[in-house]
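Heads up: the sequence shown is residues 1 to 324, going by UniProt numbering.
None of these hints come from the bench; they were simulated from the model.
One should not assume that every hint holds.
[Claimed, not checked] Below, simulated PhoX-like cross-link-like pairs (lysine-lysine); rule was C-alpha separation at most 25 Å, straight line:
#	residue 1	residue 2
1	249	283
2	96	225
3	141	241
4	283	319
5	295	319
6	295	141
7	127	113
8	249	262
9	298	249
10	96	113
11	283	322
12	113	262
13	321	283
14	249	295
15	295	283
16	295	241
17	322	141
18	173	10
19	241	262
20	96	142
21	121	96
22	141	96
23	148	121
24	283	241
25	262	141
26	10	127
27	142	319
28	241	148
29	295	142
30	241	225
31	142	241
32	319	249
33	173	127
34	262	121
35	283	298
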Amino acid sequence: MSSSKRIPTKVGILSLGDMGAGIARLLIAHGFPVSTNGQNRSEDTIERARNANVEILSSDLDLVQQCDVIFSVVPPRDAEATAQRIVDALSGGSRKETLYFVDLNAVAPSTCKSIVALFEKARVPVKFIDACILGGPPSLKKSSEEGKDPEWDQPSIPISGPHSLSSLPDGEKLTSVLQLRSISPEIGAASGLKMCFASITKGFTALLTQSFTTAHRLGVVDELKQELNQMVPAILTRAEKGVPGMPPKAYRWVREMEEISKTFHEEGNWDRTVFEGVAGVYKAVAEDGVLGREKIGKRSRGTSLDDVAALMAEGLERKRKKTE
Numbered sequence: 001m002s003s004s005k006r007i008p009t010k011v012g013i014l015s016l017g018d019m020g021a022g023i024a025r026l027l028i029a030h031g032f033p034v035s036t037n038g039q040n041r042s043e044d045t046i047e048r049a050r051n052a053n054v055e056i057l058s059s060d061l062d063l064v065q066q067c068d069v070i071f072s073v074v075p076p077r078d079a080e081a082t083a084q085r086i087v088d089a090l091s092g093g094s095r096k097e098t099l100y101f102v103d104l105n106a107v108a109p110s111t112c113k114s115i116v117a118l119f120e121k122a123r124v125p126v127k128f129i130d131a132c133i134l135g136g137p138p139s140l141k142k143s144s145e146e147g148k149d150p151e152w153d154q155p156s157i158p159i160s161g162p163h164s165l166s167s168l169p170d171g172e173k174l175t176s177v178l179q180l181r182s183i184s185p186e187i188g189a190a191s192g193l194k195m196c197f198a199s200i201t202k203g204f205t206a207l208l209t210q211s212f213t214t215a216h217r218l219g220v221v222d223e224l225k226q227e228l229n230q231m232v233p234a235i236l237t238r239a240e241k242g243v244p245g246m247p248p249k250a251y252r253w254v255r256e257m258e259e260i261s262k263t264f265h266e267e268g269n270w271d272r273t274v275f276e277g278v279a280g281v282y283k284a285v286a287e288d289g290v291l292g293r294e295k296i297g298k299r300s301r302g303t304s305l306d307d308v309a310a311l312m313a314e315g316l317e318r319k320r321k322k323t324e
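Using the sequences provided together with the hints, build the complete structure.
Dropping the structure here:
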């Protein structure tokens with residue numbers, strides 16, 4: 001079959017959260033069909049899939065039979081269970097051709113290697129790619145020149161390990177569209193890079209959250225902003241953007257910070273306490289009676305730095321009083 005008539009590679013994505021849906025829209029815009037398993041998924045996820053024109057299948061078995069590539073984009077706590085679902089589907093089916101499994105989750109190198117072991121132990125036809133996402137979901141740029149193909153803002157997606165998608169019939173195009181770049185032949189390198197990157201970005205957001213919450217309790221938020229604006233304005237800009245954007249993601253970031261703690265202990269020989277503490281910050285936000293209910297695209301509270309600080313100060317004070 002000529003390349004012009006070749007059926008494009010069908011891509012499966014688990015699951016259709018904000019990031020997964022963004023990747024799906026990018027792939028579909030470039031001619032790649034995308035599917036997901038809608039079984040037992042929330043109405044929000046199904047709605048996201050429909051809005052992105054993603055095909056909704058009824059089982060993991062359908063997904064592994066119809067797709068040549070599966071991207072795992074789930075909360076870190078679900079990474080191993082999602083891989084096991086694919087192992088089970090492949091073990092219960094008749095697929096002979098190789099399936100590419102791209103793990104894009106924010107997990108420690110050792111967790112990534114544990115996931116690889118699941119596939120190896122089951123002896124299923126899978127080529128595993130360790131990958132990570134640095135940045136926000138793909139999105140169309142607001143302005144592009146007339147007559148030119150639409151341009152996208154995209155995250156960086158480093159990959160590592162012995163395999164790549166370029167060996168697929170249209171793998172070079174798929175690799176180019178997603179801007180995948182190999183950084184190492186070793187499984188764990190991409191996952192490790194994510195841990196080091198997120199420790200700086202999300203770790204800093206946790207510090208900002210603690211700082212402004214405490215400043216609110218002390219009544220010095222305006223003074224803190226003024227001093228930051230005069231001395232380090234970039235930090236104030238980061239706080240005003242990053243802290244309000246965090247609450248809907250806090251529940252995901254708890255496990256991510258724990259995976260960073262695990263990485264720094266296992267790979268860097270550091271004590272676990274720092275990022276266990278950072279995980280505690282996000283756990284407090286996720287468990288807050290107001291901020292913990294926030295969802296991406298359906299925001300009502302915590303949409304400003306001041307509101308997050310006020311709500312967390314109130315929530316932590318109530319929690320303190322209950323324990324006294």
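Okay, the hints, checked on the actual structure:
1. 249 <-> 283: Between residue 249 and residue 283 the Cα gap is close to 11 Å, so the pair holds against 25 Å.
2. 96 <-> 225: 60 Å, violated
3. 141 <-> 241: 19 Å, holds
4. 283 <-> 319: This hinted pair holds, its Cα atoms lying about 13 Å apart.
5. 295 <-> 319: Distance of about 23 Å is within 25 Å: holds.
6. 295 <-> 141: 23 Å, holds
7. 127 <-> 113: 13 Å, holds
8. 249 <-> 262: 20 Å, holds
9. 298 <-> 249: Between residue 298 and residue 249 the Cα gap is close to 13 Å, so the pair holds against 25 Å.
10. 96 <-> 113: With Cα atoms ~24 Å apart, residue 96 and residue 113 stay inside 25 Å; holds.
11. 283 <-> 322: 17 Å, holds
12. 113 <-> 262: 13 Å, holds
13. 321 <-> 283: Holds - the C-alpha atoms of residue 283 and residue 321 are around 18 Å apart, at most 25 Å.
14. 249 <-> 295: Between residue 249 and residue 295 the Cα gap is close to 8 Å, so the pair holds against 25 Å.
15. 295 <-> 283: Answer holds: residue 295 to residue 283 is near 16 Å, not above 25 Å.
16. 295 <-> 241: Distance ~16 Å between residue 295 and residue 241 Cα, so the pair holds.
17. 322 <-> 141: 48 Å, violated
18. 173 <-> 10: 13 Å, holds
19. 241 <-> 262: 28 Å, violated
20. 96 <-> 142: 43 Å, violated
21. 121 <-> 96: Measuring from Cα to Cα gives roughly 17 Å; hence the hint holds.
22. 141 <-> 96: Violated. Residue 141 to residue 96 sits at ~40 Å, over the 25 Å cutoff.
23. 148 <-> 121: Not satisfied, since the Cα-Cα distance of roughly 48 Å exceeds 25 Å.
24. 283 <-> 241: 20 Å, holds
25. 262 <-> 141: Answer violated: residue 262 to residue 141 is near 37 Å, above 25 Å.
26. 10 <-> 127: 16 Å, holds
27. 142 <-> 319: 43 Å, violated
28. 241 <-> 148: 31 Å, violated
29. 295 <-> 142: Within the cut-off at roughly 23 Å; holds.
30. 241 <-> 225: 13 Å, holds
31. 142 <-> 241: With a Cα-Cα distance of about 19 Å, the restraint between residue 142 and residue 241 holds, given a limit of 25 Å.
32. 319 <-> 249: The given pair, whose Cα atoms are some 21 Å apart, holds under the 25 Å limit.
33. 173 <-> 127: Cα-Cα ~19 Å, so holds.
34. 262 <-> 121: Measuring from Cα to Cα gives roughly 24 Å; hence the hint holds.
35. 283 <-> 298: 20 Å, holds
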